[in-house]
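**Student:** Sequence:
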Amino acid sequence: MKLTWREAAVTGLAAAALAAPCCARAENITYGEFDIGVLAHDVHLLQGKEHGADINPELTLQSPIDDAAASNVPAVLRWMVQPRPTVGLEINTAGATDQAYFGATWSWQLASNLLRPGDGIVLSYFFGPGFNNGKIHSTESDRKSLGSNVLFREAIDIGYRITPVYQVSLHLDHVSNGGLAKYNQSLNDLGVRLGMRF
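First residue of the sequence shown? That's 877 in our numbering, and the numbers climb one at a time after it.
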């Protein structure tokens, strides 16, 4: 099922509204980190047909909005005011679509000190443009018709912070043009990532 950009926007806003009470109580994460992941490219479970794995290095910088500035925002909105600038790559190992992207990541610590001091459950959401070398229109059975080489990219991570420095997470990302082009076959990648705080 394909969503138009309007349907995707409404779905995103509804998800944010449902998550707001949880995130309003969660602690914003503002530090910088480096993640490296291995992702199943264009997962067949999500109507994929491209092949290979993606190597996913990603750099997330510290939020430019410090805690003192965020404390001036009403508590119900504080969860959204400390995005972190993010850049990354998805390098396909089978010669299919590669991607580069930049944008913002919002992250929250949902729980802490579960099994040991300093550990915790972390939720992250990314949004920004993605640039790819894929096919705009493909007649090949194992390549998608992406409609554009510049797409919207969204990603979500749910992770376990093993120590204050290291984290392992499950990652899902989605790229599409939101119905703005004639062709709009999305790519959806799923995998695991290891993160290191700096």
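Do not rely on the hints blindly, as some may be mistaken.
Unchecked claim - Pairwise CB distance ranges, derived in the manner of DEER restraints: (1) 921 - 942: 19 to 25 Å; (2) 1038 - 947: 25 to 31 Å; (3) 910 - 947: 25 to 31 Å; (4) 912 - 1003: 16 to 22 Å; (5) 990 - 961: 42 to 48 Å; (6) 974 - 947: 19 to 25 Å; (7) 914 - 1056: 15 to 21 Å; (8) 910 - 1003: 15 to 21 Å; (9) 1015 - 974: 29 to 35 Å; (10) 942 - 1070: 48 to 54 Å; (11) 1073 - 1017: 39 to 45 Å; (12) 907 - 1012: 18 to 24 Å.
Rather than coming from a laboratory, the hints here were simulated on the basis of the structure.
These figures come from a predicted structure and were not determined experimentally.
Ideal placement from N, C-alpha and C gives every residue a C-beta, glycine not left out.
**Student:** All the hints need checking, so say for each whether the structure fits it.
**Tutor:** For each hint, the structure was consulted:
1. Residue 921 and residue 942 have their C-beta atoms about 41 Å apart, which leaves the hinted 19 to 25 Å range violated.
2. Between residue 1038 and residue 947 the beta carbon distance is about 29 Å. The supplied range of 25 to 31 Å therefore holds.
3. In this structure the hint that residue 910 and residue 947 lie 25 to 31 Å apart at CB holds, the actual value being about 28 Å.
4. The hint said 16 to 22 Å for the Cβ distance between residue 912 and residue 1003, and at roughly 21 Å that hint holds.
5. Checked against the hint of 42 to 48 Å, the C-beta distance between residue 990 and residue 961 comes to roughly 29 Å, which is inconsistent with it.
6. For residue 974 paired with residue 947, a C-beta distance near 41 Å fails the hint of 19 to 25 Å.
7. At roughly 31 Å, the beta carbons of residue 914 and residue 1056 sit outside the given window of 15 to 21 Å.
8. As the Cβ distance of residue 910 to residue 1003 is approximately 20 Å, the hint placing it in 15 to 21 Å holds.
9. Checking the proposed 29 to 35 Å range against residue 1015 and residue 974 shows it is violated: the Cβ atoms sit about 20 Å from each other.
10. The hint said 48 to 54 Å for the Cβ distance between residue 942 and residue 1070, and at roughly 27 Å that hint is violated.
11. A hinted range of 39 to 45 Å holds for the C-beta pair residue 1073 and residue 1017, which are about 43 Å apart.
12. The given range of 18 to 24 Å is broken by residue 907 and residue 1012, whose C-beta atoms sit roughly 38 Å from each other.
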